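Peer 1: For reference, the chains in residue letters:
Protein chains: 2
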Amino acid sequence: MDMLWSGWGDPAKAAPLPDSVTGLLRDLLGVTPRESGPADLADIAAPAAALPDEARTALRAALGAPDALREDAESRIRHTRGKSTPDLLRIRAGEVDDIPAAVLLPGDHDEVLAVLRACAEHGVAAVPFGGGTSVVGGLAPTTKRPFVALDLRRLDRLIAVDEVSRTATLQPGLRGPQCEALLNERGWTLGHFPQSFEWATVGGFAAARSSGQASAGYGRFDEMVLGLTVATPEGTLETGRAPRSAAGPDLRQLVLGSEGALGVITAVTVRIRPLPAERIYEGWRFASFEAGTAALRRLAQDGPRPTVLRLSDEAETFVGLAQPDAIGSAALPENPGCMAVVGYEGGAEDTAARRAAACEVLLACGGELIGEEPGDRWEHGRYNAPYLRDALLDAGAFAETLETAAFWSALPGLYTAVRSALTDTLTEAGTPPLVMCHISHTYENGASLYFTVVSAQGEDAVAHWEPAKRAANDAILAAGGTISHHHGVGTDHRDWYAREIGPLGIRMLQAVKAEVDPSGVLSPGVLIPVR
Amino acid sequence: MDMLWSGWGDPAKAAPLPDSVTGLLRDLLGVTPRESGPADLADIAAPAAALPDEARTALRAALGAPDALREDAESRIRHTRGKSTPDLLRIRAGEVDDIPAAVLLPGDHDEVLAVLRACAEHGVAAVPFGGGTSVVGGLAPTTKRPFVALDLRRLDRLIAVDEVSRTATLQPGLRGPQCEALLNERGWTLGHFPQSFEWATVGGFAAARSSGQASAGYGRFDEMVLGLTVATPEGTLETGRAPRSAAGPDLRQLVLGSEGALGVITAVTVRIRPLPAERIYEGWRFASFEAGTAALRRLAQDGPRPTVLRLSDEAETFVGLAQPDAIGSAALPENPGCMAVVGYEGGAEDTAARRAAACEVLLACGGELIGEEPGDRWEHGRYNAPYLRDALLDAGAFAETLETAAFWSALPGLYTAVRSALTDTLTEAGTPPLVMCHISHTYENGASLYFTVVSAQGEDAVAHWEPAKRAANDAILAAGGTISHHHGVGTDHRDWYAREIGPLGIRMLQAVKAEVDPSGVLSPGVLIPVR
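Note that the protein sequences, when read in sequence, are chains A and B.
For the first sequence, our numbering gives the first residue as 16, with consecutive numbering after it.
For the second sequence, our numbering gives the first residue as 16, with consecutive numbering after it.
Don't read these hints as lab results, they were simulated from the structure.
These figures come from a predicted structure and were not determined experimentally.
Treat each hint with caution, since some may be false.
Stated by the list, open to error - Computed far set for chain B versus chain A, every beta-carbon distance over 12 Å:
no., residue
1, Ser35
2, Leu56
3, Ala65
4, Ala73
5, Lys159
6, Arg201
7, Gly272
8, Ala400
9, Asp409
10, Ala478
11, Gly495
Claimed, not checked - To spell it out: a stretch of chain A is covered by chain B in this simulated footprint if at least three of its residues, at any positions, have a beta carbon under 8 Å from a beta carbon of chain B; those stretches are:
no., region
12, 84 to 92
13, 249 to 263
14, 416 to 425
15, 492 to 501
Built from N, CA and C at the ideal position, the CB exists for glycine as well.
Please work from the sequences and hints to get the whole structure.
Peer 2: Structural data, given as structure tokens:
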């Protein structure tokens, strides 16, 4: 099934906001309903395909299947940009200036290689396309050349499972649920469940350093990766002969996070784990975000480490965005404090033991066990937030998320700085926002902060948001955070990324890019500034 | 104190082999005593310093302290090559063709930067020098230019401790014990204890991706690193604003393992852990290496994970090299099987719980608990193997180690292939060897293999060893292993490394090197083939 072209996911799962929420948005944030919904797909005037004839001939020759090169308007519109809120606002308005000239569906590694060589020869840019779920402009190259979307959906096989080593080799086009199903039927799990799980792909998880909701237990995706095969215009890179090595720099870590700018990932070898027998998700209440953060830090540093560890701040707890389905539910207590979801997955005995020990720590940190209901509610709604955003946009509100990470000692300052930047900028612009935050990824030495902003849209919603986003990005860097913990860089964060890693870091990446992609056809302007 | 120039460590700790061992070497391996010992330091004819006058003036200007540039023979001989067995055999014979033109002792990051700029301007190569413990030719650049050893011993400060985030920022010249002492007095430990611990430095740990004997519990050094400051001829790279990030490729992982070829590490931010209250090391016996390996794999995959996890094969168990002090002890049982050392460090309660659970697993895997004596013996002798090697060389034997890692399923084949390569080559050459092996680093998905070879020396000991080493390296690659799990690449493994990562991987590294070191003065020929 194809993703909803103008929003998120399966159109059948879309649900309008309850009237109570619409009322809340109006009363609290001054949101007024939009008069018009999204444009009609058939009405969108896609610019004519811009692929030069010679390039088309070469690309067709590089592809095996006769229908693997598509230039029809619908295919191209469906591969236009990603799923950030500005992306959605623009495509709903029928703006498709970042449309690819064609959509290519290669069938294997060799076809990807051949396509990249043809692209290099004919000056056509190529943007790898997995689930199309980028929220950082990763699918909108900065180039005046025509570009093709390299949709990897046909590379959807489980290549091999090594049960002794507990590894699996996967093709990049496998979506989260496909991948889990293939592993689950053999008794294994990857344990990678980001919010985009239902649509995002294995290749995208690797290329963008995805992090899942169970990262406390299963690790980030980049920590699961043991080997990568990468196609570039200059040939193939194969990495990963051992879990760890002292043979030079870890080239896997140069490809992970490269977002298509250094090559197209055509196979990923990952660590797999036994399918857990037991899954328990519980709600905990803390008096404040500070108290809850201290509790999370204790578990992350001294253990036992739960599988899921997530804490909402006061605002997010109050609004119940942590449990999207609960928005507008009448049952909010007077002082809800801060809600945490703590989950344990594993063998029955191990899960019980870890839960008992973790509960002891959480109680000692002032936590109050609420029980399984909030955990179950979180589990039920864990992939629903993007649907909720569509409903908010439909209702005339603006809703967007952004995220960062830092060392524990920098976290309180980072939290305050980003909140203030968002609140101040949007308030000055006349649309005071609701800013919510949660911690959903913890490490021994630090954690992530994930912010959700809801406000009225302003006259031109995209232009209205831009200064707030810039202010948040500036605040992140000034407060010592990284410009992204798991969304990535794309084109939206590129300037801040360049500040984060500095001119020499950028030059190092540009040098690698020039070596593997001398014609500069791989996702130009994504991640790495064009030299 | 300076390391013994012609061997390992503190000369006061050197101990001759017991007569019983000398007899064993003679009877078993045909080792005949050498007539001459090492040359005398004062007698070695060091080539005259080859630093051009202009370069010397520029380098002096780059350094603050008046005695920070040394050209005397002793300083230079003490910075010649590293501590592989061929290195020792050559320097004991008075061969110093890889001698640096000068030894430089910069005092801070800015002086390192200034030195590198001066080197680039005057065409002088620069080789960072920490503890001088490389066993892979990492200190012997492949160049016709004069080169200087950049000894980092004056950068020996603990820069900062962040107790909330549990991180410490260290200067690269800190040796293992200095670093531990500075952290221990504040209640923290790094937990990094490689065999070279007493002499190797923090900068070397990072540059060469060191792995310590407690890696099962504390992780490898590259897993401890959160941030790096790197000086290059083109400026400074600063990395690490968060424990994990999705902001592009992980540049830390490009510097880790770069062995001086991409820059000089001038600060390292690492994860620290509370000093353990409890330390228990126990011996276990398994009927075979296969049975022991299966037990280690179960612990590594399903837990609980001990802090130290090490298994000797039958040969190593028999000879007792796993406990160097026990060589020649009379108490060897008739069928010793395979000895494992399993250690637990941490809080008293946690240690007891992990030990109990691990014992259950080990018993279920057929292990037999021997008790603390073998564990204590291992702990007592854990840094002594290099001293033993000196004694073996003195006695006229040849002794060398090499190591690799692979996924679990490849391990048995890798073990057999490397053993056979070494045994066959040396037997054909007329010096049948004793080949021993242990696993000392385990991961969910694989483990390391560490081989020790002892034989007679043959006529020209260095030339005699070379075909065996080549055969072992070839066998490692053919059997799917990595050319190094923790010794590194240096110049000795460079050709096999190039085969391991392939031509495109090498080109990527060459491109980065050309960007940060356009004059090619950083450790030329180390790790990265000169373009």
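Peer 1: Taking the hints in turn, state whether each one holds.
Peer 2: Do the hints match the structure? See the list:
no. : hint       : result
1   : Ser35      : holds (36 Å)
2   : Leu56      : holds (31 Å)
3   : Ala65      : holds (29 Å)
4   : Ala73      : holds (22 Å)
5   : Lys159     : holds (24 Å)
6   : Arg201     : holds (15 Å)
7   : Gly272     : violated (5 Å)
8   : Ala400     : holds (18 Å)
9   : Asp409     : holds (29 Å)
10  : Ala478     : holds (26 Å)
11  : Gly495     : violated (6 Å)
12  : 84 to 92   : violated (count 0)
13  : 249 to 263 : holds (count 14)
14  : 416 to 425 : holds (count 7)
15  : 492 to 501 : holds (count 7)
Checked against the numbered hints listed earlier, the structure breaks hints 7, 11 and 12; every other hint is satisfied.
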